[in-house]
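Visitor: Residue numbers (our numbering), protein chains in the order written: chain A, 1 to 315; chain B, 1 to 539; chain C, 1 to 499; chain D, 1 to 307.
It cannot be assumed that every hint is accurate.
Stated by the list, open to error - What follows is a set of in silico ranges between Cβ atoms, one per label pair, in the way DEER data are often shown: (1) A:W110 to C:D63: 39 to 49 angstroms; (2) B:R241 to A:R312: 39 to 49 angstroms; (3) D:L41 to A:L148: 21 to 31 angstroms; (4) B:T341 to D:S123: 19 to 29 angstroms.
Claimed, not checked - 16 angstroms max Cα-Cα, derived EDC-like pairs, lysine to aspartate or glutamate: (5) B:K151 to A:D310; (6) D:K57 to C:E365; (7) C:K386 to A:D43; (8) C:K386 to A:E56; (9) C:K373 to D:E245; (10) B:K335 to B:D297; (11) C:K77 to C:D103; (12) C:K386 to A:E52; (13) C:K118 to A:E56; (14) C:K27 to C:E209; (15) C:K77 to C:D98; (16) B:K349 to B:D384; (17) B:K292 to B:E496; (18) C:K118 to A:E89; (19) C:K435 to C:E419; (20) C:K105 to C:E166; (21) C:K118 to A:E63; (22) B:K262 to B:D523; (23) A:K58 to C:D117; (24) A:K224 to B:E88.
Simulated from the structure, these hints should not be mistaken for lab results. Every residue gets a Cβ at the ideal spot worked out from N, C-alpha and C, and that includes glycine.
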Amino acid sequence: MIPPPDSPEGAMLRFIRKRAVASLISLVGLIVMVFFLSRLTGDPAALFLPVEASAEMKAQFRELHGLNDPLLVQFARYVGDVVTGDFGESLRKARPALDVVLEAFTWTLWLALVTMTLVTGAAIVVGSLAAFRAGGFFDRLSSVISLLGASVPDFWVAIVAIVVFSVNLAWLPTSGTGSLLHWILPISVLFIRPFGIIVQVVRGSMIGALSSAYVKTARAKGVKSGPIIFVHALRNAMLPVITVIGDQAASLLNGAVIIETIFGFPGVGKLMIDSILQRDFNVVLAAILVTALAIFLMNLLIDLAYALLDPRIRH
Amino acid sequence: MAEHLLEVRNLSVEFHTAAGVVKAVRNISYHLDRGETLAILGESGSGKSVSSSAIMNLIDMPPGRISAGEILLDGVDLLTMPANQRREVNGRRIAMIFQDPLSHLNPVYTIGWQIREALTTHGTASAQARAEALRLLTRVGIPEPEHALGKYPHEFSGGQRQRVMIAMALALRPDLLIADEPTTALDVTVQAEVLALLEELQQETGMAVLIITHDLGVVAEIADRVVVMEKGELVEAGTVREVYRNPQHPYTRKLIAAAPGKGEMHEPAARTAPVLSVRDVRKRYGAFEALKGVSFDLMPGETMAVVGESGSGKSTLARILLRLDEPDAGSAHWKGRDLFTLSPGELYKLRRDLQMVFQDPTQSLNPRMTVYQLVSETWIIHPDILPKAKWRERVAELLVQVGLGPEHMGRYPHQFSGGQRQRIAIARALALEPQLIICDEAVSALDVSVQAQVIALLDKLRREMGIAFIFIAHDLPVVRDFADHVMVMRKGNVVEFGTVRAVFETPREDYTRALLAAGLDPDPDVQAAHRAARLQRAS
Amino acid sequence: MKRILVLGALMLGSALSPAFAGSGPIKIVLAEEADLLEPCMATRSNIGRVIMQNVSETLTELDVRGDKGVMPRLAEKWEQNADGSWRFHLRQGVKFSDGTTFDAKDVKHSFDRIMSDKNACESRRYFGGMTVTPTVVDDFTIDFKADPVQPILPLLLSLVTIVPEETPLEFVREPIGTGPYKLTNWTPGQQIVLTGREDYWGAKPEVTEATYLFRADPSVRAAMVQAGEADLSPSISQLDATNPATDFSYLDSETVYLRIDHNIEPLNDVRVRRALNLAIDRQAFLGTLVPDSALLATAIVPPPTLGWNPDVKVFPYDPDGARTLLEEAKADGVKVDTPITIIARSANFPNVTEIMEAIQAQLQEVGFKVELKFVEVAEHEQYYSKPFKEGRGPQIVAAMHDNSKGDPSFSMFFKYATEGTQSGFSDPKVDDLIKRASAAVGDERAKLWSEVIAYVHDEVVADVLLFHMVGFSRVSERLDFKPTMATNGTLQLSEIKIK
Amino acid sequence: MTLQTTDTALAEEPHFARRMVRMLLADRFALCAAIFLLVILVLAIVGPSWLGDLATKQNLRGRNAAPFDWERGWVWWMGADALGRPLLARIIVATQNTLMVAAGAVALSAVVGTVLGLVAGFSSARVNQIIMRLADVIMSFPSLLIAVIVLYILGSSILNLMLVLAITRIPVYLRTTRAEVLEIRERMFVQAARVMGASSKRILFRHILPVVLPTLTTLATLDFAYVMLAESALSFLGIGIQPPEITWGLMISQGRQYLTNAWWLSFWPGLAIILTTLSLNLLSNWLRIALDPVQRWRLEMKGRKNG
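Next comes chain A alone, as it looks inside the complex:
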């Protein structure tokens, strides 16, 4: 009893609009929450100025940055500014908060993008092959590796990797940015956990898809194993996998704080933590807004990917 479909394009636009409204609500909620919560964590003046600074200096600092006004006034002012595209200045860096955030976010975006691409590719191949011979040697091996991957503390791996690959073997630079080589270690460490998780999901989903009726049809048609796995089953099995990929990508977009800290990678995760540590509220808020927006866009892409993969969703 499906209602007669109207044009898929119209439906898509309506869907995007609906999602945008919902995300806007979430975004506003997020801003309200972060604004007030972060201000509960303490006074930026105490941190910006040295402990020996006099009370007058602190008062003057607060006055200078409008921190003496009632919270609600500060909030109204902030909202007013944001609406006109002004996200305020960073206290610490004396530059527009948005610039600071966008700079850092670009790095995070690339890191997330490259990592997730590699993870997705590798996890799909490994997970599919494991599912095809479920219970076999490769399955066991891949599940031990992926479980291990999902349960190792990442900072541990990061430091050991630096000691081994950069100091002892001197194959790779220890940290920082610059050449492509600099990306290898952070990406490898970031790779581990999502890989472990996604392999498991791919495997589970593929086992389901491989036992489905249409795979039976394909076998009855005489289709070879390769196409059965990677053409027939995989595309069907991708839906739950995409959801998990989305979740993992979202957490990468939110910044890989620890990896960024260790590898001196100027991403948004470390920026956020540093900023809250220094009570640089404008940067925290701008960073949250930017990452939340990015995550919203990514979720939208994921929905589009659903529609692309599964024609049934297009209506």
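With chain A fixed as given, assemble chains B, C and D onto it according to the hints.
Guide: Structure of chains B, C and D alone, referenced to chain A:
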């Protein structure tokens, strides 16, 4: 003796399950020649599909295992063939179509792609495959075939999907087509069309057809010979007429006897004051009009059958009467009160009077509750019916009443067969001592022999307890032996309403006549006559 | 009294005989990124390490390698006028990196800018409690008049970075200075590059270009120098400092101590405070949790500071004595059983958790009830600085204090005067001594500071002084560089030689 | 392919607990995991009272003692930490806090998330919207940032840590539960319950929840691992559990600086986390099969072979 196209010899297959090793088929043998149609007849659990899966190499090993036997295709044993040769047989020499084409077609690829794949897998060039796919779709009668190639399975109706499956199966003109319950979930009119198509194509190509079914009507319509299976064993074989006229095995006899539509028809009493009076019920889902103004009266203690094909709105009607869905307009007066305007509190009281039995007992019984919990839950919800001390006793009573035993109380639904589960569902409905039970396709999912038993049970309850029934079905023969009145629905409208005799013997509407004509009769001779008549009408 | 310091440029000139020295670019890896490169914030260590004296210079400079005291930099000489104000004679022919010429107006503007309320310049804090008025005498002479009179004004001016007159009052992102280097690249989060200036007024340093990198993790920093990705890391972990060829320790002017809140019983009793001091086995920490070369502290300021008192002796480790004192106090009705909370800041200094856990164990050993609480920097500040919370229990705050300025006035008032923001007690004699010492000059000044140090340590038993810490640096073998006490806040590239 | 055994499956199945034990015995990996977890659980209960003193007794002169010194008592086999305390004893004592934080956080987030998910999946569109937006807010709030902010406001204690970790994990359960409820509420047995007049509460908790529960159990075991790692990440940032309380996560982050010259300080607690999470993962994989009637034969078949 000339070599058969296909010969199954002493095949035994077993499966490892939670309950131990199950011998799915034991030592069965049958054969099939070119141009011939063999039916494998059996109910659920008979193992009728296992041998065909073995032929197609579709048995998962483990948990399955072919423990003995051979399957000869033109004298060559498929079971000992190397894997790559074996794969070449599938699609090229033997093709298969299945029940439920929706789940057997890959939902994410266009049907054009899927048909082409059948061809290219076995070496057809892709340009040629494209042309061939178009030809095949045209041949199986898909409208606008050019356009249809780019559509996805979910965009077709059930009958069209089965036609697509057939096109795909026949792409390489196989010597043998295996059809596993190809028409089971389809409406009767569509079923007739699909079977006719299969026959035509068989005549065109001279292929052999192995059809697996539980339906005697299908056997009568299409098969030359039939083998009957029960619990993994082949109990009877012969030509269709022989087996029908002169069944040897008690099981075959039971099966034939259970076929519906042969008993006495009810003669309803004169109509008095209705207990349920439904007027002009309307319901839309978005742009789709499910009900376009349905009205009827139901007398106390009477059975009214609602018959219609998919999309007729019959299930929507049931859901609305039980307030599982809200109507857009109309009224339904139950003992003088409009069901549609009741407050939640009043509705809760009224639930005792109106109950429902669903199509699939596997789904309508919570898998994590025991039979005792399932039945007694009604008294937790309606605590004033029965004091807790008497629950156990009453559950036992009810179970006996529906033909089960008190010892079943502690078991879970999955430990029962389909028919038994439906009995549990009925016991649960009875626990509230209702005055009206709405049965939504309550026997459609059951085997024929079980169907008859459940219908007999319902009829007994009606007689003994004076419960009124609204019995929803897509199949006319089922309601013939049971209903007082029949209401035929089509596309949200009531097409015809009358006593069961009036509807079956003197149908007023073309649609009703078409429904009756499309129904398959288990008697091969009667069915042959039907067919002749149909062909005559067509020409 | 007039005091004239005249120091010719010959001293600086004589150092410039680059006979065999190499030259070239280097890379320096630091722990904390400079989030600003604002000259008036150069007194903050993460900023100062990059720009102080490299990009932005000051009128005067404290000698941290020798004991020459305050030395000339942009001022060639200075003298105190009769009214107590100071006159500075500026160096001529100095150009800012934007090409403008350095003169007295720039100095005045730089000072006014620091004191402006349009920004949050940190250096302003050194001029609290006084009014300083700069007056331009001529292009290369400027007077600073302070009320009250400041004997250490030349030292204070070593903290005022000079910017061109045109610099806006708000924070800038492109520091313009007179130093030997100018900022040529700043990619936030990645690197800062300083390049040597051709038109620098002084001698040309061997380091032609310095690239600053930032890594939070100490072992990564050490690894970078080892792997050749950096030439110098001024701070690495003691644990990584295992290679004598590259790794050096240096006294880094940080003093670790436990600030006692004397207002709450039982910490108001001097016997209890003394017992705290006796209970801690300071020596046991050396070579274990604290580097071997660290010094046991007897004052809040490190030894090279004016007035540091060699006669004050470290409390001995005497658990029995501590127990006796506690019992005495208890006998007098002091509630010595009240649990005392030690508040420490996570990651304040290396091994802070282990050190605090060990101290807790040692205090408990002699009968104190001690709880340990780790807090982050902002919360720590609330415990450390006034106003203290009402209704608090007995509290001890573990803190680290940095004074590399050579004069105790940067510490004593804040830590020990009644009005001091981190002072845990009030003693009129201490207040008086600090006041007098701040106003005094010369030997008198040193004597008075010594007196304060001894009195606070021995009589008041104001706090539990622990260690003057040392830092560890890793210097690539191609460099010739020894870090100093000032390295924490200033890292002069001109002091780095290339082998 | 599906097995058509509905009619033959009438055979009585053994009791639930016995069946589970038999299936556990059938999977050697899961069995080892279960035994390991049992040991960990026992250590968590008795650890602090058994070895509490030994684990806090400092000896600055015996700091960073190397492991595998069989001459000394067994608690020294893993070496000593930076204050000369036996690592093995400390790991055992830390088990309690570690498990308490992880279990507390998982239990809290699972309960809150599940209840919200049930409500969201079953109530009006408006309530659903509110709950889902709340979940979105938490989801797009970087979890470490929430943790830092909340811990700054509330102070760092075991309870607050539990709370913080729970908050960040709530959406996981919420979304899963809601998705399942949306599907299950359309199932026939839910309709049947409505026809009987069952209240929403009854339908949710008696009919829907038991069906969702196996999924949630699997999720919770996996989350257990996640939470332990998150806790150690917080310790890495210096805002986790504060000494003298100990957890494995804190031990790793304290030992991190000694990684190059006293690797055992962070290796053993790291190993403890890995083994525990690995065990939980293995057990949850087993559980997923054991609770799934379609997959269960794999274990039961093996069980018969072995037994």
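Visitor: Against each hint, give a clear statement of whether it holds in the structure.
Guide: Quick rundown of the hints versus the structure:
Between W110 of chain A and D63 of chain C, the C-beta spacing of about 48 angstroms keeps the proposed range 39 to 49 angstroms intact. The given range of 39 to 49 angstroms is respected by R241 of chain B and R312 of chain A, whose C-beta atoms sit roughly 45 angstroms from each other. In this structure the supplied range 21 to 31 angstroms holds for L41 of chain D paired with L148 of chain A, their Cβ-Cβ distance being about 22 angstroms. Between T341 of chain B and S123 of chain D the CB atoms are about 23 angstroms apart, so this pair conforms to the stated range of 19 to 29 angstroms.
At roughly 12 angstroms between alpha-carbon atoms, K151 of chain B and D310 of chain A fall within 16 angstroms of each other, so this suggested pair holds. Using a Cα cut-off of 16 angstroms, the hinted pair K57 of chain D and E365 of chain C holds, with the two alpha carbons roughly 11 angstroms apart. Proximity of K386 of chain C to D43 of chain A is assessed by CA-CA distance (about 14 angstroms); at most 16 angstroms being required, the pair is judged to hold. With a C-alpha separation of about 13 angstroms, the suggested pairing of K386 of chain C with E56 of chain A holds against the 16 angstroms cut-off.
The suggested pairing of K373 of chain C with E245 of chain D holds, with an alpha-carbon distance near 10 angstroms, which does not exceed 16 angstroms. A distance of roughly 12 angstroms separates the Cα atoms of K335 of chain B and D297 of chain B; the hinted pair therefore holds under the 16 angstroms criterion. A hinted pair counts as satisfied when its Cα atoms are at most 16 angstroms apart, and K77 of chain C with D103 of chain C qualifies at roughly 15 angstroms. Of the supplied pair hints, the one linking K386 of chain C and E52 of chain A holds, its CA atoms being roughly 10 angstroms apart against a limit of 16 angstroms.
As the CA atoms of K118 of chain C and E56 of chain A are separated by approximately 14 angstroms, the hinted pair is consistent with the 16 angstroms bound. Taking the CA atoms of K27 of chain C and E209 of chain C, the gap is near 8 angstroms; set against the 16 angstroms cutoff, the hint holds. With a CA separation close to 25 angstroms, the supplied pair K77 of chain C and D98 of chain C exceeds the 16 angstroms bound. For a cut-off of 16 angstroms, the pair hint linking K349 of chain B to D384 of chain B stands: about 11 angstroms separates their Cα positions.
The hinted pair formed by K292 of chain B and E496 of chain B meets the criterion: a straight-line CA distance of about 14 angstroms does not exceed 16 angstroms. With a C-alpha separation of about 15 angstroms, the suggested pairing of K118 of chain C with E89 of chain A holds against the 16 angstroms cut-off. For the hint pairing K435 of chain C with E419 of chain C, the CA-to-CA distance comes to about 12 angstroms; that is within 16 angstroms, so the pair holds. Proximity of K105 of chain C to E166 of chain C is assessed by CA-CA distance (about 10 angstroms); at most 16 angstroms being required, the pair is judged to hold.
Only pairs whose Cα atoms come within 16 angstroms are accepted, and K118 of chain C paired with E63 of chain A is accepted, the gap being roughly 10 angstroms. With a C-alpha separation of about 11 angstroms, the suggested pair K262 of chain B and D523 of chain B falls inside the 16 angstroms cut-off, and the hint holds. For the proposed pair K58 of chain A and D117 of chain C, the alpha carbon gap of about 11 angstroms is at most 16 angstroms, so the pair holds. A C-alpha spacing of about 9 angstroms is found between K224 of chain A and E88 of chain B, which places the hinted pair at or below 16 angstroms, so the restraint holds.
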